[in-house]
Structures are given as structure tokens and as C-alpha cells.
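Asks: The sequence shown finishes on residue 1257 if you use the working numbering, and the numbering steps up by one all the way, no holes.
If you are wondering where the hints come from, they were derived from the structure by calculation, not from laboratory data. A hint or two may mislead.
[To be verified] Listed next, the in silico BS3-like pairs over lysine-lysine satisfying Cα-Cα at most 25 Å (straight line):
hint : residue 1 : residue 2
1    : K1111     : K1221
2    : K1221     : K1069
3    : K1111     : K1099
4    : K1069     : K1198
5    : K1198     : K1177
6    : K1221     : K1142
7    : K1198     : K1240
8    : K1111     : K1069
9    : K1227     : K1240
10   : K1227     : K1111
11   : K1192     : K1227
12   : K1227     : K1069
13   : K1198     : K1142
14   : K1198     : K1221
15   : K1240     : K1221
16   : K1069     : K1192
Please read these numbers as outputs of a predicted model, since none were measured by experiment.
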Amino acid sequence: MLDAAVLRMLAMLDRRVLWHVPTKGNEVFLTFDDGPEPGVTPQVLDILAAHGAKATFFCIGEKVRKYPDLVARIAGEGHSVGHHTWDHADGWRTPAKAYFRSVLRGATEVGGPLFRPPYGHLAPRHAPLLGKRFQVVMWDVMGFDFKPGRTGKACARRVLRRIRPGSIIVLHDNLKSAACVKSALPLILGGISEKGFRAVALAPQVMNRPRR
């Protein structure tokens, strides 16, 4: 988890980029990147439903077009959906025009104000332009479920050690992370409950809260 002082500094530098949600309650915000994926997303949704938890799915535009029924299920079960570019474009390596085309195409396909840049890679010139149109959402807790050999227990342990009220947690519903996230998610949700937190979805009203 990023240090609180670092988060405050990042927030002051650019208020268009959200790293943590200011809250006086006990909410934490689970997010899933890179889906929807038929071999993973349905199982993730089943686990969330079994625990009464809500989450936010940052979806890749070309996958949304390919699997519209999965996106409909995500929204129909009360989760929120954000966009994650059309084709997982890397903001540090993709030329600016091509990157913005991917962002806008993904936004058109997915809809909504929430946007997460793939890999968290956002060049300084991107934030002023993207922040005018979208709520850019980063995170303060990363599960690293995509690392080779990562176990569900290790992923869950890392997440649960770092969460605090308002934490934005990143997991992945892609094939690379499938085994780890399916094992880790029940442990994470159980631990969240034991700590007295609730897993809720990011929503426009959450975005409009005053920043610290």
C-alpha cells in the first residue's frame, strides 16, 4: 500500500486522479482489471455474490464487444463498470494519438465516467486531458495476482495487511491471474468481513465526495 503521506502528495499534485476514496465509513473498494473473460469473470461474480460483496470491473473495450452478456451480468448484479482502453494500450509506450484513440474507443464501447489506465501508466500530459472527461482511478492496494507462481494465500495476505477505510484494491479477472484470483478472492472477502469492512462498488456519488 502507498504511504498515506505519498497519497496526500499525489492527490495534491492532481485531483483528477483518485488513489484512495475519502470515507468516514468502513468501505473498501475491490476492483478487477482486464476482463470480461469467460473463464474467469463468471467465477469471480459467483464468489462476490456468495459473500454479498460488490466491486468495480475495469473492462477492455474489445472484450466488452466480444462478451456483452458478461458485461450485462456484471451490471445486473449491482457492480459498477469502468473502461480500461480498447486494447490495453500502455500509456508510457503508445504514441499519444494512438493512446487517446484507444481510450476514447474503449470509453465509447464500455460507457461511464470511470477510467483506469492499463498498468497504471499515465504520462503527465495525459492527466489534464483525461481528467476533464473521466474520473481516473488508480489504487493503493495491489494484490499482484498476475505474478508467476503467486498463490491465493500470498495474494490475500498482502491485500489484508494493507487495507484501510477507503482503500482501492486491484485484482484481475484475466486468464493470467485466473488460478490465483479464484483462490485468493474468498480469503480476501472473508478477511474484509472479519476486519469489519464492507466491499462496495465505486459509483459517481463516491467520486463526488470531497477529497482530503
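Asks: Now, for every hint given, state plainly whether the structure supports it.
Replies: The hints, checked one at a time:
1. K1111 with K1221: 19 Å, holds
2. K1221 with K1069: Violated, at about 35 Å.
3. K1111 with K1099: 24 Å, holds
4. K1069 with K1198: Answer violated: K1069 to K1198 is near 29 Å, above 25 Å.
5. K1198 with K1177: 39 Å, violated
6. K1221 with K1142: Violated, at roughly 29 Å.
7. K1198 with K1240: 17 Å, holds
8. K1111 with K1069: Given pair K1111, K1069 is violated - Cα atoms ~39 Å apart, limit 25 Å.
9. K1227 with K1240: Given that 25 Å is the threshold and the Cα spacing comes to 21 Å, the pair holds.
10. K1227 with K1111: OK: K1227 and K1111 at ~23 Å, within 25 Å.
11. K1192 with K1227: 14 Å, holds
12. K1227 with K1069: Since the Cα atoms of K1227 and K1069 sit roughly 30 Å apart, the hinted pair is violated (cutoff 25 Å).
13. K1198 with K1142: 41 Å, violated
14. K1198 with K1221: 17 Å, holds
15. K1240 with K1221: Outside the cut-off at roughly 29 Å; violated.
16. K1069 with K1192: Distance ~33 Å between K1069 and K1192 Cα, so the pair is violated.
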